[in-house]
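Novice: Put together the whole structure using the sequences plus the hints.
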Amino acid sequence: MEHTPIAAGREIQLAPNELIVSKTDPSGHITYANRVFMRISGYPEHLLLGKPHNIIRHPDMPRGAYRLMWQTLQSGREFFAVVKNATIDGNYYWVLANVTPDYDLRGKLQGYYSVRRPPSRSAIAAIEPIYAEMRKIEAAHGKAEAPDASRDWLLAQLQEKGCSYQDFILNLNADVLRAKGVNG
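Mapping of the sequence shown onto full-length UniProt numbering: residues 1 to 184, in sequence order.
Hints in this document: simulated from the structure, not taken from any laboratory. There are no misleading hints in this set.
Label-pair ranges, simulated between beta-carbon atoms:
#	residue 1	residue 2	range
1	Pro129	Arg57	13 to 21 angstroms
2	Asp104	Glu128	35 to 43 angstroms
3	Gln74	Asn17	27 to 35 angstroms
Listed next, the in silico SDA-like pairs over lysine to any residue satisfying Cα-Cα at most 20 angstroms (straight line):
#	residue 1	residue 2
4	Lys161	Pro129
5	Lys23	Pro44
6	Lys51	Pro101
7	Lys143	Arg63
8	Lys23	Arg39
9	Lys51	Thr31
10	Lys51	Met38
11	Lys23	Gln74
12	Lys23	Tyr103
13	Lys108	His29
14	Lys51	Gly111
15	Lys23	Ile55
16	Lys108	Ser75
17	Lys23	Thr87
18	Lys161	Ala132
19	Lys136	Gln157
20	Lys51	Ile88
21	Lys108	Gln74
22	Lys136	Ala149
23	Lys108	Gln71
24	Lys51	Arg39
25	Lys108	Glu78
26	Lys23	Gly76
27	Lys108	Arg77
28	Lys51	Tyr92
29	Lys161	Ala149
30	Lys51	Val36
31	Lys108	Pro26
32	Lys23	Tyr66
33	Lys136	Leu158
Here a beta-carbon is modelled for each residue, glycine too, at the ideal position from N, C-alpha and C.
Specialist: As structure tokens, this is what we get:
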């Protein structure tokens with residue numbers, strides 16, 4: 001079954017120097033959103049705070065990508081991904097997301113901190129067919145099995161290439177990260 005977006009919308013692009021920043025509680029509910037996040041997504045602060053971060057989830061994003069993210073974060077590691085997000089008015093924007101667990105001084109999880117920047121255009125071109133295949137796999141499985149099935153397919157593809165998901169994403173965006181002085 002081919003996936004059809006709810007609304008095609010138009011792409012909103014972040015400026016090269018813009019960063020979207022947000023924080024969530026341990027369950028993924030937004031506790032902070034910077035002004036860039038609000039402007040790009042179109043959501044005012046009162047419609048973001050306290051809401052699940054997946055309020056901006058675009059239907060083109062496979063659920064398996066989020067399964068991988070949560071498993072990585074729950075193991076205490078940071079997560080990098082190229083993500084397509086939805087705006088309040090049906091448009092979309094791509095980001096290179098870095099999500100990091102946030103612990104207090106006693107080591108108790110306080111939530112998650114996310115910084116998003118514009119990804120490289122070549123990274124978007126590389127990830128779109130991967131996400132399309134993941135959505136096809138998800139459509140062929142029951143709702144409960146779909147995220148694991150597409151995540152497992154993705155990880156098998158990367159294992160064949162001899163790299164981790166994080167290395168794959170960082171390599172796709174090496175030019176963007178070098179320009180910003182960010183090291184993976």
